Every structure is written in structure tokens, then in C-alpha cells.
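> One letter stands for each residue in the lines below.
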Amino acid sequence: MSTPTLELRGVRKVYPGGVEALRGIDLRIDRGELTAIVGPSGSGKTTLLHVMSTLDRPSAGTVMVDGEDASALSEERLAGLRSRRIGFVFQQFFLIDGISAVENVATGLLYHGIPSGERIARATEALDHVGLGHRLDHVPAKLSGGERQRVAIARAIVGRPAIVFADEPTGNLDSRVGTEVMGLLRTLNREGTTMCVITHDRDLADSLPRRVQVRDGQIVGDRRS
Amino acid sequence: MTPTPTSRLLPRDLLRLGALGLRTRRMRAALSVLGIAIGIAALVAVVGISESSRSDLLNQLDSLGTNLLSVAPGQSFAGGEATLPDTARPMIGRITPVREVSEVANLDTTVRRTDYVDENETGGIQVTAVEPGLLETVSGTVAAGTFITPANGAFESVVLGSVAAERLGITDVGTRVYIGNRWFTVVGILEELPLAGDLDRSALVGFPAATRHFGFGERPDTSKIYLRTDPGQVNQVRDVLAATANPDDPSSVDVSRPSDVLEARAAADDALTALFLGLGLVALLVGGIGVANVMVIAVLERRQEIGLRRALGATTRHVGGQFLTESLIMAGLGGLLGVVLGIGVSVAYAAVSGSGILIPAYAPLGGLVAAIGIGAVAGLYPALRAARLSPTDALRGA
Chain S
1 MSTPTLELRG VRKVYPGGVE ALRGIDLRID RGELTAIVGP SGSGKTTLLH VMSTLDRPSA
61 GTVMVDGEDA SALSEERLAG LRSRRIGFVF QQFFLIDGIS AVENVATGLL YHGIPSGERI
121 ARATEALDHV GLGHRLDHVP AKLSGGERQR VAIARAIVGR PAIVFADEPT GNLDSRVGTE
181 VMGLLRTLNR EGTTMCVITH DRDLADSLPR RVQVRDGQIV GDRRS
Chain X
1 MTPTPTSRLL PRDLLRLGAL GLRTRRMRAA LSVLGIAIGI AALVAVVGIS ESSRSDLLNQ
61 LDSLGTNLLS VAPGQSFAGG EATLPDTARP MIGRITPVRE VSEVANLDTT VRRTDYVDEN
121 ETGGIQVTAV EPGLLETVSG TVAAGTFITP ANGAFESVVL GSVAAERLGI TDVGTRVYIG
181 NRWFTVVGIL EELPLAGDLD RSALVGFPAA TRHFGFGERP DTSKIYLRTD PGQVNQVRDV
241 LAATANPDDP SSVDVSRPSD VLEARAAADD ALTALFLGLG LVALLVGGIG VANVMVIAVL
301 ERRQEIGLRR ALGATTRHVG GQFLTESLIM AGLGGLLGVV LGIGVSVAYA AVSGSGILIP
361 AYAPLGGLVA AIGIGAVAGL YPALRAARLS PTDALRGA
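Residue numbers (the working numbering), protein chains in the order written: chain S, 1 to 225; chain X, 1 to 398.
Rather than coming from a laboratory, the hints here were simulated on the basis of the structure. Predicted, not measured: the structure shown is a model, and the values here were computed from it. Just to be clear, a hint being listed does not mean it is correct.
Estimated spans, in silico, between C-beta atoms of each pair [what the hints assert, rightly or not]:
hint	chain 1	residue 1	chain 2	residue 2	range
1	X	L281	S	S116	36 to 44 Å
2	S	S116	X	R388	26 to 34 Å
3	X	N293	S	G221	49 to 57 Å
4	X	G373	S	G131	43 to 51 Å
5	X	R396	S	T187	49 to 57 Å
6	X	R23	S	D26	44 to 52 Å
7	X	R396	S	G221	24 to 32 Å
8	X	N293	S	T187	19 to 27 Å
9	S	R23	X	R396	20 to 28 Å
10	S	R23	X	L14	22 to 30 Å
11	X	Q304	S	S175	19 to 27 Å
12	S	H134	X	L14	30 to 38 Å
13	S	R202	X	L14	43 to 51 Å
14	S	R57	X	L281	41 to 49 Å
Even for Gly, the Cβ is constructed at its ideal location relative to N, Cα and C.
Produce the entire structure from the sequences given, and follow the hints as far as they go.
Right, dumping it as C-alpha cells:
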């Protein structure tokens, strides 16, 4: 069997003060999957996202990204892992004001150490791919919510990461635009990008091929349709 | 499989990132830059102005020469006023490195505009007998007319020092003034004599006329002897002057070097310059605190950007470096602007005061280095705060 894209084994997270947010998570995501992590607020899904995406370290257990043990890496190497292997899409988009859409997308390659000309060329390609080829030079303030999220998605995929984490990607969008954005994520998944969508929205989760249910820091369901 | 490569940020991109924060908050950046610029401008201008005026003074000193010495009678051992023996002038002339000697004698008489003026209204003007060579010896020049010559010195001719002419209200040669009890014709008016200030306040007549009219037929007593030496042997000559002038009582002879006064003035300017430099440093410090303040605010406001960059693979060092670079760019721009302003102020001052311009290279270079140093110090703490922010806290935006 091939290397899993993401593998968590016995992952626990205890915050200072004794709150146990994750109590033994085992999860495996294979290449090309489109997975929903679903749970109500307070279920530990945000903590799970942080630990899966190496933004935070687990208190116990291992996190393997593309075959590499993240818990064994130094902060420096972990940053390298995030820049190459992991893409992020956030609910609030987190675009940088004052620079254009294509420059925002190019920021996804900034920490690869490649020259700006090449970054812009690849960012242009990525923006084209998400259907925003006509908005390259617009600053975020001039874009609609849906367009901003598309820019953020282009930024997440421009470095061809092993996995993209989308944290409530439609949370700040109206339902019609949200559906469009989910459509884009599905398309990208069909084209080969491994996706993991974190959401509290059961309907949204039900529309995805795999649903991992989290409650009280534990996985309580893992269904494929 | 091969391990994932580490994150890398090109130096060019680091610069670009530093400039980005300024581009998006222009007003704030401009004000911070201005704060640094004012401090640097003050430093550069203080150095520029003081060095320019000092170099003027030293140039003047150069052209006047520092090899002028003067010999005058001081206090005798008994406490009374000493006199110089008649042999003083010829003896001094015989010291080998002495090139020129010229003596003056203060006369016990007054100069007045007319004979209707009260004899006691001297206006502080001394009447002095001089030799024709004196002007060259003290590096003086005439503003109008001529100096005392062997020819006019025998007759009722007078040359006025610059202050004396002003006090008597005389601007043209040919005017007559009343000296003692007879009329003298003004044949010349002198420029200011930086090395012989007492002659500025004198009315100068020739020795022959002085002997005839005010000395009862005898050459008046020497009041002061001016001499020029070889520039390299000033100190040696100075050491033997008193004993040469008055071998019987060397301690009653005052020897001085008039250029010392000008040098002392140049040194006194240094003290004032140090004070102004201190004030400039305070201004720069305040500017630096302004930059630090703006950077701390920037880190607070841009938590989410910091979190995003960490998610995109920035290391703590990349994040810290970005904010430090931003602070350095602000301070560097402030330094450049300050240097330009400071040079501008120095040039304007020179134009207004009519002095030359001399801005030593260390002023603009030091200014830039100081600005960048301030930027580094001001940016360090905010940069460390930004770097230490955990990515999950930053993204939460709490």
C-alpha cells in the first residue's frame, strides 16, 4: 500500500490548565481523498486542524505528513514542511491588503526561495485555474467575497501541496457563493488535490465523499459514501 | 523519501516585505521617517555649521600666520610698570629666525574730530607711533588710502584703525582730525586687524612726527614690539624673547602669540558644538522611540498576517526579519532625508553668514549609521514579539 498523505496515531492534546482537547485520535487520509472533519463547536475539530496541519504540536502521538514524522522535526524543518506539503484555506480568507490578487497568490511560494518572476508566472497560472485570470491586478478590497476565497484557494494550491486544509471555507460566504466555492474545491480534488474540509455544517459535510465526525476530542464516526 | 527542503526567503524578497508594510501604511511611516530625519538633520547641520565656521577661523589663521609674536613691558619686580630698554628692538632683530620686527609707541595725547571737542572725550582711541613696516608684520590691509610711509610719516599724517575711524565717524581719506594741539590729515583707514586688536582702536602716526610733536624731540618709549619668525621656530624664539628684550629683568617682559586667541576661539566653539550635538542626539532618540512605537502597533495589528505567513511556511526568523527590515527601512529613509536636510541647512547657513562650507564626510556617514543603528534597536523588540507569536494564537487573531 502507498504512503498515506496524512496519518495520525494516538494523538492527544492537553492545553496548559489541563483541558484535554484531543483524546487519542487515529486518522489516515490517502492521496486524492476529499474528507470532511465535522463536529459542533467545542468538539476539538479546530485543535485537530492545528495539529494535523503542523501549526501546533500534539502532547502525545505522532503526525505523519506525506511519510514524514512532523513531531520529530525542528521548528525550522516544520516551517519547510508547511511551505511545501501543506496548503491552507481560511474562513476569513486572510489576504494581504495592499498587494494585488496575483501577488497574494505568489505569497504561497514566497518561502520556497524562488525568484519573484517565476512566482508570479505560477501564480498567474493558478489564478487562471480558479477562474480569476481576469482579476490578476485587483487588490483584495476590490474583490467580492467569493473572489477573495478563490484567490485564497489559488494561494493554497500554487505550491502543489500534498494536502490542502480548508477551515470553514464557506463560513463567510452566502449560500450561493459558498456552493460555487465548494464546487471549485471538488473540481480541484478531482484533478488530484487531496482535500480536508473542517466544518460544523452537517449538510456541507454530507455532500463530501468522506465524513469524519469529531465529538469531545474523539472520532465518533468515519463514513465513506 | 527525501526530507522536505527547509523554508527559504530570498534577501530581495525580505527587502520587498519590509517595504510592503510601509506602502500600506504610508502616513504613519512618513511621520516616523520624519522623526528620524529631524534628529539626523540636526546632527548633520550642527556638525556642518560648526565645522564650516571653524574652518573659516582656521583659514583666517592660516592666512594671518601663527608666527607673529609680540613683546610688551609687563609688571616690574617691584610692582610698578616696567619699560622696555631702547636696546630691545635691535637685539630682537638679531635673533636669527626673526624675519621682521616692528615697534609701536603709545603717545600721551588724544585724537579728536575738531578742536572744539573736549580734550577728555577720547572715545577710547589711543594715539600710537608706528613704523612703516608694521602693516605687513601684523598681516593688515588698508581699507582706503595708504599706510604710514617713510615720507608721510614725517608730517602730520594719520592712519586710523577700523574701530577708531568708526568712532570718529570718518569714512574718507583727506579728512582732518585734531591730535594734541594740531591738525593731522587722515591718509589711510585700516581693515580690522585680527592679530592686533588694540591697533584697531588706534590713530597711527609716524615716529618722526611723533618725536617732533609729542616727544619733545626724543623718540617715544616702546610700548610693544611685533615680530615675525620662521614658522618652524616660533617656540624657540619665544623662549629667548624676554631675556633678549630686557636682559636685566626678563620677568618684567610680557611675550604673547596673538594667534593663540583665535585658536582659543576655535576651541570654545567645540564646547558649544558638543552641546548642540547632545540636543541632536536627544531628537534622534525621540525619533527612534517613534519608530519603535509604530512597529509595536504594526505587530499588534498584523497578527493575522503573521499567522498566515507562518502557515505559508515562514520561520520565526523570517517573520522577525520582516519587521526588523521594515524598521530599518524607515530609519534608513529617515537617515537619508535627514542627511539631505542637514546639508541643506548647513549650506543655507553658510550662504547667509557668508562663510565657506565644510561638511566633513563623517557627518553624513555617521548620520546614516546612527539612523540605521537606531532602526535596528527600535525594531528589535517588536520583531522578537512578532517572531515569538505562536501561529495558532496569531491566526485566532485574539
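> Look at each hint and say if it fits the structure.
Here is how each hint holds up against the structure:
For L281(X) and S116(S), the hinted distance range of 36 to 44 Å is satisfied, since their beta carbons lie about 40 Å from each other. Between S116(S) and R388(X) the beta carbons are some 28 Å apart, a value that agrees with the proposed interval 26 to 34 Å. The hinted range of 49 to 57 Å is satisfied by N293(X) and G221(S), whose Cβ atoms lie roughly 52 Å apart. Restraint check, G373(X) to G131(S): a C-beta distance of roughly 50 Å satisfies the suggested window 43 to 51 Å.
At roughly 30 Å, the beta carbons of R396(X) and T187(S) sit outside the given window of 49 to 57 Å. Between R23(X) and D26(S) the CB atoms are about 47 Å apart, so this pair conforms to the stated range of 44 to 52 Å. Checked against the given bound of 24 to 32 Å, the beta carbons of R396(X) and G221(S), roughly 27 Å apart, stay inside it. At roughly 48 Å, the beta-carbon separation of N293(X) and T187(S) lies outside the given 19 to 27 Å, and the hint is violated.
The given range of 20 to 28 Å is respected by R23(S) and R396(X), whose C-beta atoms sit roughly 22 Å from each other. Taking 22 to 30 Å as the suggested C-beta distance range, the pair R23(S) and L14(X) does not conform, at roughly 42 Å. Between Q304(X) and S175(S) the beta carbons are some 25 Å apart, a value that agrees with the proposed interval 19 to 27 Å. Between H134(S) and L14(X) the CB atoms are about 32 Å apart, so this pair conforms to the stated range of 30 to 38 Å.
Restraint check, R202(S) to L14(X): a C-beta distance of roughly 45 Å satisfies the suggested window 43 to 51 Å. Distance hint for R57(S) and L281(X): a CB-CB separation of about 46 Å, consistent with the stated range 41 to 49 Å.
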